[in-house]
Amino acid sequence: MPKCTINGQEVEVKEGATIIEAFKKMSEDIAHYCWHPGLSVAGVCRLCMVDVEGARGPQIACNTVVREGMVITNQSEQIKDIVRWGMDFHLINHPLDCPICDQAGECGLQEQYMKFGKYDPEMGLQKVKKRKVVDLGERVVLDSERCILCSRCVRFTDEVSKTNELGIFNRGDRSEIGTYKDKPLNNKYSLNTVDICPVGALTSKDFRFRQRVWYLKNADTICNGCSTGCSVKTYYNEEGLFRVKPNHNEDVNGYWMCDEGRDLYKFANKESRLLKAKKFDGSTWEEVSAGSAVKSLSHQLLETIKETPSKVAVVYTGQFTNQEYADSLKSFDGLGVNNFYHWMNNQASKDEFDGLLIRGDKNPNTKGLQNEASKFSGLKKLENLFNELESGNIETVFVMAPENISAYPEYESHFKALSKAKNFIWMGANQTSCYESTNSSNTYLIPLKSYVEKSGTFTNHNGTDQNFNYVTTLVAGALTLSEAMTLFEGQDLDFEIRPKIYKTMKNNHFTSDRGEL
Amino acid sequence: MFKLSSEGIDFVKKEIERYETRRSAIIPCLYRVQKENKGWVPPEAVAELSQLMDLPEAWINEILNFYTMFNKEPIGKLHVQVCCNISCCMNGGRELASHLNKEFGVQGNEISKDGNVTITRVECLGSCDTAPMMQVNDNYYENLTPEKAVSVIKELM
Ligand code: SF4
Ligand code: SF4
Ligand code: FES
Ligand code: FES
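Going line by line, the protein sequences match chains P and S. The working numbering applies: residue 1045 is where the first sequence begins, and numbers increase by one. The working numbering applies: residue 27 is where the second sequence begins, and numbers increase by one.
Hints should not be assumed to be uniformly reliable.
[As the list claims (entries may be wrong)] Derived pair list, reagent style DSS-like, types lysine-lysine, alpha-carbon separation capped at 27 Å:
1) Lys1314(P) - Lys1350(P)
2) Lys128(S) - Lys1225(P)
3) Lys174(S) - Lys1225(P)
4) Lys39(S) - Lys61(S)
5) Lys39(S) - Lys29(S)
6) Lys1206(P) - Lys39(S)
7) Lys98(S) - Lys1171(P)
8) Lys139(S) - Lys1227(P)
9) Lys98(S) - Lys1225(P)
10) Lys1068(P) - Lys1173(P)
11) Lys1206(P) - Lys1225(P)
12) Lys1206(P) - Lys128(S)
13) Lys1176(P) - Lys64(S)
14) Lys1227(P) - Lys98(S)
15) Lys1225(P) - Lys180(S)
16) Lys1173(P) - Lys40(S)
17) Lys64(S) - Lys1225(P)
18) Lys1249(P) - Lys1176(P)
Derived from the structure by calculation, the hints contain no laboratory data.
Work out the full structure: start from the sequences and follow the hints.
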């Protein structure tokens, strides 16, 4: 492991590491655009210049391997001047339309210009005009004037998604990013190009112009879109969530996430949520708060359940935390209930894997559910429950409904089928129109918290436990499964069982905060 | 719509075996298309080559757009490229180019009315010692005067 000196401090790096990696390890500032830790080295932006003692001239840090004893600095006046001018060259044809650019506030050009720039541009020439607002398909918009031709996006489609749509066409100052004949960039990972684009050349259709980034807070969590469980960062304000970006997690998702996972925040936002509990007695619906709904449910049913637990079925989906599974299973088990059913969506494709991140099991915590349930009486197949309901062996059904309803095409039909129970308790985060058509004259709809409103653990496809913490509250009064069960058992909620703080896996170093490259 | 001839397809298939990477065969294959299509490469040829060569369209398009020797628009029967780089320029290359433009009644990269010539100004063609010079289709004509150039072209028409 070679040792080198970075701006006067000694550091040991991995064999084969480049100088820029040593800078990153030391958290030393270094200007750069084209280098990205998850991609190959291009060495095209020429900003990462450093002095290496004994070398003939300045070197680029991203493409120079550290050798034993190298003494490296980027503090000399000469280097600073090179970087200043390098920045200016990048700006020659840049439109500087920051006020109408969605990237403003988290733009590498803005950030690095403030850090390393020249501040008094001397370029008097006419700028080369290029294409703006180029539609690149479902999710991405290109503004090729803003592009600084770092080629990160091209390398992403070549190396990571392996879909090869993007290229740099023409040459010199006419060079432009694009797809052949403007074909859409419809690969399943396209929005990663937006994340790694250091400027506002590639922006997300979904997020564009919806919020200025400086009005958003962010917090880490785990994507609940499939059993991979990518580490992600959510961006939100008091109105709700606005977007999700990947966090670096070498063991799970590297630097990336899939496009589908980025849409799931929408299910957590108020517009698609069940805001209040609803009770249906066969003729009218009544809206009450979640807590009082569970309490009245408890008064009504707790004793009956204790007397005839065999007539109760509990349906689980793989969308809850290990803690919720453990708590609720324990409560039911304590009441004598042991009919636990597993509602598995896409049974056929659940073991699929696309080779990068996306898995066919569209639940974040199927493993966790199976683990926890195996400590009790295990899980039965949901199909059996339909028969039991038909024959009247089951009278009361609790359903722990999924949050990501896009992955449950059978959501509505299952709702209807399961509501044939005499007592039907549907606990879930989402509002859909099918609730109106319940078959049970004793229906309870209990609003649950979404994944960003609670802390807990998901166990991903290979058994890695991933903790995540409360991000924000979107629906006041919604409950976690654990809270709902506590109330159902007739106890009150005390604040101790409100969000616990779990130690999360890893902090992200590179793509984390806005503005950082 | 343009399609490669069957000999052209054979050429491409041979060419992709010739280099260490298939990507290296893009230039000769584009040349082949240009030759078969009256001196220019139509955009749909990129898709055809992409299929034949099993390479992403973007990669081929990058090469096509990078090099000026590939014409992206139709050109006249004779493609006259007049060098206007330093040595030729000092020896009257630019004047030569404007003379030819006037003589054949064309501007920029347009095709003459009779469809015979397209005149483009190009950078150094590596024949500085014989400046000024021009290239007509695949041949060099050197040590030119405006009159000489006109008669060369007229003869080739
Ligand atoms: S679009 Fe963005 S990521 Fe792609 S080359 Fe341009 S600046 Fe780089
Ligand atoms: S791969 Fe799975 S866990 Fe990762 S972002 Fe996509 S849906 Fe979410
Ligand atoms: S980061 Fe080193 S050249 Fe771009
Ligand atoms: S300058 Fe004309 S051939 Fe070199």
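Verify the proposed pairing of Lys1176(P) with Lys64(S), using a straight-line Cα cut of 27 Å.
violated, 33 Å
Please work out if Lys64(S) and Lys1225(P) have their alpha carbons no farther apart than 27 Å.
Holds: Lys64(S) and Lys1225(P) sit about 22 Å apart, inside 27 Å.
Hint consistency between Lys1249(P) and Lys1176(P) [alpha-carbon to alpha-carbon, up to 27 Å]
With Cα atoms ~14 Å apart, Lys1249(P) and Lys1176(P) stay inside 27 Å; holds.
Under the criterion that the straight-line Cα-Cα distance not exceed 27 Å, is the pair Lys98(S), Lys1171(P) satisfied?
holds, 24 Å
Lys39(S) and Lys29(S) were given as a pair; does the straight-line alpha-carbon distance stay at or below 27 Å?
Within the cut-off at roughly 15 Å; holds.
Given the hinted pair Lys1068(P) and Lys1173(P), is their Cα-Cα distance within 27 Å?
Since the Cα atoms of Lys1068(P) and Lys1173(P) sit roughly 35 Å apart, the hinted pair is violated (cutoff 27 Å).
27 Å limit on alpha-carbon distance, applied to hinted pair Lys1206(P) and Lys1225(P):
Cα-Cα ~19 Å, so holds.
Under the criterion that the straight-line Cα-Cα distance not exceed 27 Å, is the pair Lys1227(P), Lys98(S) satisfied?
holds, 19 Å
Quickly compare the C-alpha distance for Lys174(S) and Lys1225(P) to 27 Å and report which way the hint goes.
violated, 42 Å
Is the hinted pair Lys1314(P) and Lys1350(P) satisfied, with a Cα-Cα distance of at most 27 Å?
violated, 36 Å
Between Lys1206(P) and Lys128(S), is the straight-line Cα distance small enough, at 27 Å or below?
violated, 51 Å
Lys39(S) paired with Lys61(S) [C-alpha distance capped at 27 Å]
holds, 17 Å
Comparing the model with each numbered hint stated earlier shows that hints 1, 2, 3, 8, 10, 12, 13, 15 and 16 do not hold.
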